Amino acid sequence: MTTAVPPFETFYETHRAEVLRFLGRRVGRQQAEDAFQETFLRALRAYPRLEHGEYLRAWVLTIASRIVLDDVRKRRPQGELPELPVEDELAAFEQLAPLTDGLPPNQRAAVVLRYGYDLGYDEIGDALGSTEAAARQAASAGVRRLRKEQQ
Amino acid sequence: MTKTFSPALDERFRAAAAAEGLLDVAYDILPDTPIGALLVGVSNHGLCRLSFDPEPERELEELARLFGSRVLRASRPLDRVRLELDEYFAGRRHHFDVETDVRTQPAYNRRVLAELSRVEYGHTTTYGALAAQTGNPRAARAVGTVMNRNPVPIVLPCHRVVGANGSLTGYGGGLDRKEHLLRLDGAILSAVAKPAVSRPIWVVLRREAGGKAAGLFG
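Taken in sequence, the protein lines are chains A and B. With the working numbering, letter number 77 in the first sequence gets 72, and the count goes up by one each step, no holes. So the working numbering is basically just the index in the second sequence, starting at one, shifted up by 46.
It is worth saying that the hints were derived from the structure and are not from the lab. What you are looking at is a predicted structure, and each value in this text was computed from that prediction instead of being measured.
Pairwise CB distance ranges (calculated):
hint, chain 1, residue 1, chain 2, residue 2, range
1, A, 20, B, 77, 33 to 39 Å
2, A, 49, B, 143, 41 to 47 Å
3, A, 19, B, 99, 34 to 40 Å
All residues carry an ideal CB built from backbone N, CA and C; glycine is no exception.
Turn these sequences into a full structure, and let the hints guide you.
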């Protein structure tokens, strides 16, 4: 049985304080407020396509991380980095979901955030409520297991 | 957690979410109306929820199930309903102009609610009369059930539906509220002492001919 998607109000109330702290650590307080609004607006746009209510904390922190990254890219001088297409918030997860279906939740989340969203282990640690080392361990255990399953 | 969170930032997000049209239901709680706290919900199609003594958690689950998961407290989309309710409670409004959204109701309920919406301020009707108007004179009990499940009481005035003998019968928000609303409407002219015997007969008066031609209704 999977968890149902909660009403957005419940999701927002549950995660807003943590998202703001997470953004504050990365971009400073002033910018964090704009990034905060953008994070939850993006989450709201993608919300109807969520199929279950699991990993919502990791999901919203992932969106927040992407906004920070987009922001950094925008700030660099033109031409230094290629313009990346705007990606759908759910696409990476959707592609990896069927492959990682058999993994334990923690390993699965770590693999998806690392290889689907290209997050650093420190960010994954934050997103999963554990440490950088634990995130690294979970991701590599997940990958080992996937390799074994494919053989 | 809630206490330390910046109210300005919070309100800014809620306003932006509503302004971008991203919500399935915007709701808010009016904490102190003359009949207590009310939860009011508005969808893209109109007023979709009005509940007495709201328990937000249960309400939100229900709204999300019926209208979609993007249910968020946001005050701006409710401005018009709030104003009309204020005017109604102050006795300055006899007819609501806000659209209602009863899409999620079964067809029969929608038919009965449409008929109910024509019962005017200061007037009452009976369960039996509404049943007859919607095709089955013997369906008074079914009409009672529809009234009990009315998603937008007050605005769709189920308080104006009484028993054939004039008794108030029942109300989803409790009989005290029904009486209060009927008194506000002017459909009950004066307090009638509750009889000591077991058949409470409320004198419900029709407000015809300027309220003078008062008579037992039923």
